[in-house]
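Undergrad: Given the coordinates of chain L, work out where chain W should sit on it, guided by the hints.
Line order of the protein sequences matches chains L and W. Take 1 as the starting number for the first sequence in our numbering and just add one per residue. Take 1 as the starting number for the second sequence in our numbering and just add one per residue.
These are computed hints drawn from the structure, not numbers from a lab. Hints may contain errors.
[Claimed, not checked] Restraint-style ranges between C-beta atoms, simulated for each label pair:
{"hint": "1", "chain 1": "W", "residue 1": "Q183", "chain 2": "L", "residue 2": "K83", "range": "42 to 52 Å"}
{"hint": "2", "chain 1": "W", "residue 1": "Q183", "chain 2": "L", "residue 2": "F99", "range": "41 to 51 Å"}
{"hint": "3", "chain 1": "W", "residue 1": "F286", "chain 2": "L", "residue 2": "I34", "range": "29 to 39 Å"}
{"hint": "4", "chain 1": "L", "residue 1": "E96", "chain 2": "W", "residue 2": "I182", "range": "46 to 56 Å"}
{"hint": "5", "chain 1": "L", "residue 1": "K83", "chain 2": "W", "residue 2": "T178", "range": "47 to 57 Å"}
{"hint": "6", "chain 1": "W", "residue 1": "K321", "chain 2": "L", "residue 2": "E70", "range": "26 to 36 Å"}
{"hint": "7", "chain 1": "W", "residue 1": "K321", "chain 2": "L", "residue 2": "I34", "range": "26 to 36 Å"}
{"hint": "8", "chain 1": "L", "residue 1": "S90", "chain 2": "W", "residue 2": "L275", "range": "36 to 46 Å"}
{"hint": "9", "chain 1": "L", "residue 1": "S90", "chain 2": "W", "residue 2": "S198", "range": "31 to 41 Å"}
{"hint": "10", "chain 1": "L", "residue 1": "D85", "chain 2": "W", "residue 2": "K321", "range": "30 to 40 Å"}
{"hint": "11", "chain 1": "L", "residue 1": "A238", "chain 2": "W", "residue 2": "K321", "range": "45 to 55 Å"}
The model shown is predicted, which means the values in this text are computed figures rather than measured ones. Built from N, CA and C at the ideal position, the CB exists for glycine as well.
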Amino acid sequence: MPLESTPQKHSWADEVGEEFDQLPSDNLTEEAGIKTVIEIRTNDEGKKVKITRKIKKTLITTHVNKAVAERKKWEKFGEEKGKKDGPDLSTTSVGEQIFLKLSTTGKQAEVTEDIDSAKKKLLLGKKILCRICKGDHFTTKCPYKDTLQPLDELTTALEEVKNPPNVEAAPAETTTGPTKYVPPNARAGGKTASTDSYSKERRDDATIRVTNLSEDTTENDIHDLFRRFGSISRVYLARDRETNVCKGFAFVSFVLRDDAAKALQAINGYGYDNLILRVEWAKSST
Amino acid sequence: MRPILLQGHTRSLTQIKYNAEGDLLFSVSKDHVVNVWYSHNGERLGTYNGHVGAIWSVAVNSTSTLLITGSADNSAKLWEVRTGKCLHTWEFKTAVKRVAFSEDDSMILAVTEQRMGYPGSVVILSLNQDIDAKQSDEPITTIHPEGSKAMVADWGYLNKYIITGHENGTISQYDWKTGNLIQSIQPHTAEITDLQMSEDRTYFITSSKDKSAQIFESNTLSPLKKYVTDAPLNSASITPVQEFVILGGGQEAMHVTTTGARQGKFECRFWHKILEEEVGRVKGHFGPINTISVHPSGQSFSSGGEDGYVRVHHFDQDYFKFKYPDL
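Looking at chain L on its own, in the form it has when it is part of the complex:
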């Protein structure tokens, strides 16, 4: 409150402040099952604080044993005698999130592999190659057969386009003309010293932005969709902070820029979940 610093207007500012204090404006808004409570109050230092609380309520009905329900009404005793209901923070706290990952080791996996190899033996000598994704299954069995054009068509298409971003990226490494100053760490010899920033830059280069995703898309869906173009280093799916639903866009970082270019070419305009995806190069935030 800058007005308080000037003595002439002191009383006036105070009045306004008090008015605020008397009317704690509790704003209640309800949206998508989330209740938002906005409260303005004065804290110990005399400053006004706006407190926004978001409450999500979910009603869960469970049936419990009669004896259990009865026991929930028991009065506390011993050291807890007379204390109010609910967990006491001095004795009960919630720990960090931990994960119990259940998995099986070798034994079972080996068995299924054997079946696979037995099938392949029957077709020994004939090379199975999917025309769409180059996987070692029949084209009819390709998971992408209805959705994507064959890979080799794609690569030829790419070559025709001549892929301008690749050309742009190349000169930065090769041309070290005398006319332009090149910092030591960017020179051929100094490359190793700055691998960190160098690789970081590369990662940004190989990142694409996917927009117009449907609400119930998950990271796994994105992985499944882009995996076939090359190894993915990172997938970021923007989610709403409260509802945790997809906000409609995602960033996919590939290890190689070529893979990213391939993916961009193939997926842009591709129908997914009744929506037409739009894919473009991610712009650096800086």
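TA: Here is chain W on its own, set in the frame of chain L:
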């Protein structure tokens, strides 16, 4: 999953136990206090005060009205669960290491320590179910196991016999009416630390300091399954719903300060009960795990450690969806 941490004890936990419905969780430790918690939210319902020594064991009857505890103050106490009132105290010559209710709640057993010239024993006492009734101090039978002392014990189904686990790794079956030994085997090479019955008491699991846990049939004591780990085990429990067993332990508390936490192996290990294969681990304790208990419905499990914490874990949905391939 986010575990609930219960900080009601100032010293290491010795045993935790759910009641029959699983809504209450009883914990005892070396700090002389018995705590009871609501298992769904970790709220402490109350404490049972009266023991003056470390408490080794706790047991609750099937209707959750009576509680017994065995302590190093040479006594076992009977408590009213609802009020925390001590109803009776049985005095012994030495510390009580283990207590257990019979299947129909009409009797209790107490395993006493071998110390100060007194032999270790398993005492069978009758119990009046009425809260206001006077309890008898006179034991039905007193069994003195020969050879190694008994560490743990529990009742067989229909109170047919009792099963004891001994310091040298022996498991014995005793007729509690006459005190006679029925049969005995030595499957473990070191101290047996825990013995927990299956739901119908037809088989049971033992954990041992020899780094293994085993499942035996109650009637014949024939070994059914064996789980070999890389750390001394202090507790083992059988889970309903999923066919798992949970094993807990870790290196001895006296060696903890000389090695890193990762070497301590203070994790709850999940093993597949039938296939004897490890399927997962839950970490969190800073010291060896002394006791593990599974909710009777299989929805959650709790572990108590040398670090003085009880951690209540409610399983995620993934846990129940997990299926073994080709099974």
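Undergrad: Taking the hints in turn, state whether each one holds.
TA: Each hint tested on the structure:
1. In this structure the hint that Q183 of chain W and K83 of chain L lie 42 to 52 Å apart at CB holds, the actual value being about 51 Å.
2. Between Q183 of chain W and F99 of chain L the Cβ separation comes to about 43 Å, which falls inside the hinted range of 41 to 51 Å.
3. Separation of F286 of chain W from I34 of chain L is about 38 Å and conforms to the stated range, judged on CB atoms against 29 to 39 Å.
4. One distance hint, 46 to 56 Å for the beta-carbon pair E96 of chain L and I182 of chain W, holds here, with the actual separation near 48 Å.
5. Between K83 of chain L and T178 of chain W the CB atoms are about 50 Å apart, so this pair conforms to the stated range of 47 to 57 Å.
6. The beta-carbon spacing between K321 of chain W and E70 of chain L, approximately 33 Å, falls within the hinted interval of 26 to 36 Å.
7. Range check, K321 of chain W to I34 of chain L: about 28 Å between beta-carbon atoms, so the 26 to 36 Å window is met.
8. S90 of chain L and L275 of chain W have their C-beta atoms about 43 Å apart, which keeps the hinted 36 to 46 Å range intact.
9. Under the hint 31 to 41 Å, the C-beta atoms of S90 of chain L and S198 of chain W, about 37 Å apart, fit the expected range.
10. Between D85 of chain L and K321 of chain W the Cβ separation comes to about 34 Å, which falls inside the hinted range of 30 to 40 Å.
11. Between A238 of chain L and K321 of chain W the CB atoms are about 27 Å apart, so this pair departs from the stated range of 45 to 55 Å.
In summary, the structure is inconsistent with hint 11 from the numbered list given earlier, while agreeing with all the others.
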